[in-house]
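Quick mapping for you: the protein sequence lines, in order, are chains V and P.
Counting from 34, one number per residue, gives the positions in the first sequence under the numbering used here.
Counting from 34, one number per residue, gives the positions in the second sequence under the numbering used here.
A hint or two may mislead.
Repeated chains share a single entry, so a pair holds when one copy, or any two copies, can fit it.
[To be verified] Below, a list of computed lysine-lysine pairs in the BS3-like style, where the Cα atoms sit at most 30 angstroms apart:
#, residue 1, residue 2
1, Lys-149, Lys-312
2, Lys-149, Lys-257
3, Lys-385, Lys-114
4, Lys-114, Lys-312
5, Lys-352, Lys-257
6, Lys-312, Lys-128
7, Lys-385, Lys-312
In case anyone wonders, no lab produced these hints; they're calculated from the structure.
Residues per chain, in single letters:
2 protein chains.
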Amino acid sequence: MLRGNMLIAHGGGPTAVINSSLLGAVREARRHGEIETIYGARFGAEGILAGDLMDLGQVSQEQLDLLSRTPASALGSCRRKLTDRDYPAVLECFKQFNIRYFFYNGGNDSMDTCHKVYQLACQSGYELRVMGIPKTMDNDLAVTDHCPGFGSAAKYAAVSALELALDASALPIHVVVMELMGRNAGWITAASALFADRMPCEHLVYLPETDFDRQAFLSAVQEKWARGRGLLVTVSEGIHYADGTPVADTGRVDGFGHKIPGGAAQALSDLIMAETSLKSRAEKPGLLGRVSVALTSPVDRQEAEEAGAAAARAAVEGKTGYMVGFEAARSPVYHCETCLIPLEQVANAEKKFPLEWIGADGASIRPEFQDYCLPLLGGCDIRFASLR
Amino acid sequence: MLRGNMLIAHGGGPTAVINSSLLGAVREARRHGEIETIYGARFGAEGILAGDLMDLGQVSQEQLDLLSRTPASALGSCRRKLTDRDYPAVLECFKQFNIRYFFYNGGNDSMDTCHKVYQLACQSGYELRVMGIPKTMDNDLAVTDHCPGFGSAAKYAAVSALELALDASALPIHVVVMELMGRNAGWITAASALFADRMPCEHLVYLPETDFDRQAFLSAVQEKWARGRGLLVTVSEGIHYADGTPVADTGRVDGFGHKIPGGAAQALSDLIMAETSLKSRAEKPGLLGRVSVALTSPVDRQEAEEAGAAAARAAVEGKTGYMVGFEAARSPVYHCETCLIPLEQVANAEKKFPLEWIGADGASIRPEFQDYCLPLLGGCDIRFASLR
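Bound conformation, chain V alone:
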């Protein structure tokens, strides 16, 4: 039995349910006497480096209860990529606060950090249980069936696209283009097509997994528009031409050195207006797609909490160097269980949207994705009146 304190930290962009993972980890940790003080790092790695920790034992039951309905990170997060020079300070913080249980809740960059902390502890002979808790709306972590945060982002994309399709068909004066998050992986944008068969207008969807073809796009837009039902185009922020050039290049990079995308919908809307006689308008809900309480998936919320709890349970049982993952069955009914995945298998790895789930036209999504994704939305039977 390893006695000592626990530290949990968030890394990267928050999701609608990252606080549910925090709640799950804290609730489970409180059940185990060997975990003494439960700390949370203020603003992720920044808080660890600065020794800026909160005592989560002092948090009231009321605040804990609110956590599962609170989007964004209640601890605070950051995009700081730790360098080799930072790791001694991390270890110093752990020693200073007698941290023996460390949980890092993030995406593939954060799992890389988590893996390095694990290696550091091993090399230094500092007894530490290190567990990654998955979090990414992008759904691009390797090995795991899916990621906490994705089900809610997918629900937001699917419902928003269907609602927008109603508007696009009711006032069919412009092609409506909506941009969704996802730099390299098109999972969220694919989810915008989940209810495509219920849309009263035409729909085209473009993911970053394929090369964007300007002429094919303009031809598809004109052909679909000619059907007279209105047209919705949904597009990932990260779409690019065959030579790798982004369709919209902001010229900016984030703290991890990754290019910041954005503006793809406006670029396509401008393209439509420049090259056809059609009008177009662009929408970019952006961060709204990861904070909506109303469109949070209850399944996602519950699984995120379970992922946090499973991390704490595994650590107490002596496991270290793993990320919690999900194994799911979808037949005869959806069933999901946690599993443990060695951190080195997920660090910096990226799971893209399967090319075989993209339609032959390059602008639609095949039904296999519905089978995969719909259960993650947690019941979402949307029906609208149709009079026309």
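Got chain V; can you put chain P on it based on the hints?
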């Protein structure tokens, strides 16, 4: 008692609750034997000119029940501005279908059209009861206390801004700028400040009722950012400099000849990055702000239905040439009743956001607006966990 058929049509951009007004009008009309066939115009004025009407008597009860949960226009709408040359065709359609009750559901442009139809009927000696049913998310119709569609748009803006504020404070690496709809009137954007006192970050809000000052904006951004809590800027699509130049000019005009705004958030975000050392990102939910079922205000939905019903009731009672409006009391509790407003008082008139409700800094909203607006959201007690 005037026996004959009824026609209802939608004009301009849909709202989250315009179909509730349709439902209210149809349900009420069905109670009155003198209204024989109930027609809906496909795509508003376009349908009237083309004689393209739907028999709403054929619509199933199931479809009617779905209407109040269906955003966008179930009839279809258009932005076509009728000209003097069009009105004979309108009268022709009315005669052909023996229309004796005409309901036009729209904003101030549509009320102008409605008023002209009323005058046309009077001048032609064609017996017709004409009623306007208000609809505009922009809340800019004159005389009435507020407009159906606004409560839901306000709820979307208020909740989205608060959720975005959580994200902006949790990962305070960029100034987050969100653009909201409203060409000339800032009601919706003002609603983004309804929960400003619960935001964990700083907030600045800019409406089109004031002139946008570039230097004052940059100073305010830097001062607010220096407080270290993150910063959310919400801005109306129609903001402009003192000389009237839009902060973002798309160069496009709509069917009514109005300039189409858009891109203000991106323009401000670019400005921040060009003129300060801060990072910034822009979000533009755009049309999503008028189609969200999850964020529809139940009060708005119920009032929209009542507005439709009141129009039908008044017409049967012999009234013509009016728009249904709202009279509301907010003390001791919110109470709202319909009233009738002569169409000439609302045609083309525009009610802007009161300057006295804008804070002295030009970038905040005074509490008087909360008193006015919060009841329209229909109960929206949002609480979030706060750990930091």
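Here is what the structure says about each hint:
no.	hint	in the structure
1	Lys-149 x Lys-312	between (51 angstroms within a copy, 29 angstroms between copies)
2	Lys-149 x Lys-257	neither (50 angstroms within a copy, 36 angstroms between copies)
3	Lys-385 x Lys-114	within (22 angstroms within a copy, 48 angstroms between copies)
4	Lys-114 x Lys-312	between (43 angstroms within a copy, 17 angstroms between copies)
5	Lys-352 x Lys-257	neither (54 angstroms within a copy, 45 angstroms between copies)
6	Lys-312 x Lys-128	neither (62 angstroms within a copy, 35 angstroms between copies)
7	Lys-385 x Lys-312	between (33 angstroms within a copy, 28 angstroms between copies)
The structure shown violates the earlier hints numbered 2, 5, 6.
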